[in-house]
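**Q** Remember, the numbering used here sits 52 above the position in the sequence shown when you count from 1.
One or more hints might be untrue.
Label-pair restraints from in silico Cβ distances [claimed, not checked]:
1) S75 x S277: 42 to 50 Å
2) A386 x T258: 21 to 29 Å
3) G111 x T341: 32 to 40 Å
4) A408 x S274: 18 to 26 Å
5) L196 x P81: 27 to 35 Å
6) N96 x Q164: 15 to 23 Å
7) N80 x S295: 17 to 25 Å
Mimicking DSS-like on lysine-lysine, the simulated pairs with C-alpha atoms at most 27 Å apart in a straight line are [unchecked claim]:
8) K317 x K410
9) K418 x K428
10) K428 x K288
11) K288 x K139
12) K236 x K252
13) K141 x K99
14) K236 x K418
15) K242 x K252
16) K428 x K242
17) K381 x K141
18) K236 x K381
19) K288 x K260
20) K288 x K242
21) K260 x K418
22) K214 x K260
23) K99 x K288
24) K428 x K252
25) K428 x K139
26) K105 x K139
27) K252 x K139
28) K105 x K288
29) K139 x K424
Hints in this document: simulated from the structure, not taken from any laboratory. Beta carbons: idealized from backbone N, C-alpha and C, even for Gly.
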Amino acid sequence: MRVFVLFPLALLSLAACTPPGPSTQVCNPVTELGNVSGSLTPVNALKVLDPDKTEVAPGQVVVTDSSFNASAGDVLVSNCNDGLLRKVKSVSSQSVASGGVSSQAVRKVYIQTEEATLEDAIAAGEVTLQTDLPIGEANMVQALDGVSVQDFTGRINLTNVKFDIPGVPGGSVTLNGFIEQTLKPSFNLKFSNGSVEVFKASMSGTLKSSITATIQADASYSPFSLNKELASWNIKRAFLVGSVPVVVVLQPRLIAGVSSNAGGKVTVQVGIAPTFTTSLQLDYNRSRTANGGWNNAFNASFALNPTFNYSVPVQGAGHAFAGLAMDIKFYGVAGPSLEAKPFINLTLNGNNGSAALKTGINGKSKVEAGFKVLGKGLETSYDGPSIEQARSFSCQAPSTCTAN
53 MRVFVLFPLA LLSLAACTPP GPSTQVCNPV TELGNVSGSL TPVNALKVLD PDKTEVAPGQ
113 VVVTDSSFNA SAGDVLVSNC NDGLLRKVKS VSSQSVASGG VSSQAVRKVY IQTEEATLED
173 AIAAGEVTLQ TDLPIGEANM VQALDGVSVQ DFTGRINLTN VKFDIPGVPG GSVTLNGFIE
233 QTLKPSFNLK FSNGSVEVFK ASMSGTLKSS ITATIQADAS YSPFSLNKEL ASWNIKRAFL
293 VGSVPVVVVL QPRLIAGVSS NAGGKVTVQV GIAPTFTTSL QLDYNRSRTA NGGWNNAFNA
353 SFALNPTFNY SVPVQGAGHA FAGLAMDIKF YGVAGPSLEA KPFINLTLNG NNGSAALKTG
413 INGKSKVEAG FKVLGKGLET SYDGPSIEQA RSFSCQAPST CTAN
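Work out the full structure, taking the sequences as your base and the hints as a guide.
**A** This is how it looks when you write it as structure tokens:
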């Protein structure tokens, strides 16, 4: 009988020492800061958490702080990991022995949470957030052979970056050159009447490239299209708007692609060395009825220096591009995507060695469905039209191109 009584008592003792909920992970603070102008007025129920005293798990936040209190309906925010933004469902607390000495017990607050939006945390105001785009080796996630980055300058070098053309005998595309950028991502947010009134995501600045594309094949081939991600980076920024941290993850990607066909054996080399001054913007306005409130805009100015040569006159066409795409996350939720892609379109006219060349820059922006972490009105998907700024040239082998 004594064994029967002690056994459940032992279980109760173990249960009392077991924290409720799933296993938690350390909250790593985002310490790199972006620039902020303007101000936002937070709601009274907003709680800004100290990352050093916070652990996170799906549906749960644990705060180790003897003075911390929260209630159902409060909104939690922190510059933690990819950003923390949640609403409180329920709260419990427990004193846990530190180092096995009960006199040094610490108080842990277990908070069950649900999804929240930034408009739950902000009453009103307007703010602009801006940062640079420091592409380098340190924040590179992956890169294909032949892609490297010069630290400090941020120049992305392409050295014999080669794609094989599937199903084409001896078919390949080789890229050489570099891309430099001074693009600055920026974001504008305006809150009124309890929701997001305006949201803008943009990147503007200069995009300089010197790219040569060589397409070769041992025989005629049918049209094909091939796109590649050459490299990617991961950059985190915290924007401190008063006491409210807005955490943004920037994920630039170097992308390239080619489509082509040819009527015989061919080796074609075409290149451009432009500097673009460009601005690409995706924006949402609550009062706009079309496209769920979304719209995009793009402009660019540039000087082009095309080069052209091909060794065997044939008929055919080719398109090649290499540029930057940037995916953006707010508080860990995937949001806008912006692309700026210098491109080359080439049409070979046959035995006379001439060709038509069109070159310039293409801008595109989109947002996926479900992007509601800033406000519920932003969750409609939008895939904006591709917008280009380009010029056309008439070319004659071996290397002469004249603007039309």
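**Q** Hint by hint, say whether it matches the structure.
**A** Hints versus structure:
1. Taken as a hint, the range 42 to 50 Å holds for the pair S75 and S277, whose Cβ atoms sit roughly 46 Å apart.
2. A C-beta distance of roughly 27 Å is found between A386 and T258, which places it inside the suggested range of 21 to 29 Å.
3. Under the hint 32 to 40 Å, the C-beta atoms of G111 and T341, about 36 Å apart, fit the expected range.
4. Checked against the hint of 18 to 26 Å, the pair A408 and S274 passes, with Cβ atoms roughly 21 Å apart.
5. One distance hint, 27 to 35 Å for the beta-carbon pair L196 and P81, holds here, with the actual separation near 33 Å.
6. Checked against the hint of 15 to 23 Å, the pair N96 and Q164 passes, with Cβ atoms roughly 21 Å apart.
7. For the pair N80 and S295, the beta carbons lie near 20 Å from each other, so the given range of 17 to 25 Å is met.
8. Restraint check for K317 and K410: the C-alpha separation of about 23 Å stays at or below 27 Å, so the hint holds.
9. Distance check on the hinted pair: K418 and K428 sit about 17 Å apart at the alpha-carbon level, within 27 Å; holds.
10. Distance hint between K428 and K288 is fulfilled; the C-alpha atoms sit about 24 Å from each other, no more than 27 Å.
11. Taking the CA atoms of K288 and K139, the gap is about 23 Å. The hint holds against a cut of 27 Å.
12. At most 27 Å may separate the alpha-carbon atoms for a hinted pair to count; K236 and K252 meet this at roughly 14 Å.
13. A threshold of 27 Å between alpha carbons decides the hint, and for K141 with K99 the separation of about 14 Å falls inside it, so the pair holds.
14. A threshold of 27 Å between alpha carbons decides the hint, and for K236 with K418 the separation of about 18 Å falls inside it, so the pair holds.
15. Taken as a hint, the K242 and K252 pair is honoured in the structure, with Cα atoms around 9 Å apart against an allowance of 27 Å.
16. Our distance criterion of 27 Å between C-alpha atoms is met by K428 and K242, whose separation comes to about 14 Å.
17. Between K381 and K141 the alpha-carbon distance is near 25 Å, which keeps this suggested pair within the 27 Å criterion.
18. Proposed proximity of K236 and K381 is supported: the alpha carbons are some 16 Å apart, at most 27 Å.
19. In summary, the hint linking K288 to K260 is supported, as the alpha carbons are separated by about 24 Å, within the 27 Å threshold.
20. A threshold of 27 Å between alpha carbons decides the hint, and for K288 with K242 the separation of about 22 Å falls inside it, so the pair holds.
21. Between K260 and K418 the alpha-carbon distance is near 23 Å, which keeps this suggested pair within the 27 Å criterion.
22. Of the supplied pair hints, the one linking K214 and K260 holds, its CA atoms being roughly 21 Å apart against a limit of 27 Å.
23. Our distance criterion of 27 Å between C-alpha atoms is met by K99 and K288, whose separation comes to about 22 Å.
24. Distance check on the hinted pair: K428 and K252 sit about 15 Å apart at the alpha-carbon level, within 27 Å; holds.
25. Of the pairs offered as hints, the one joining K428 and K139 holds, with about 14 Å between alpha carbons and a cut-off of 27 Å not exceeded.
26. Straight-line distance between C-alpha atoms of K105 and K139 comes to about 18 Å, which keeps the hinted pair within the 27 Å bound.
27. Between K252 and K139 the alpha-carbon distance is near 25 Å, which keeps this suggested pair within the 27 Å criterion.
28. A threshold of 27 Å between alpha carbons decides the hint, and for K105 with K288 the separation of about 21 Å falls inside it, so the pair holds.
29. Simply put, K139 and K424 have alpha-carbon atoms about 14 Å apart, close enough for the 27 Å limit, and the pair holds.
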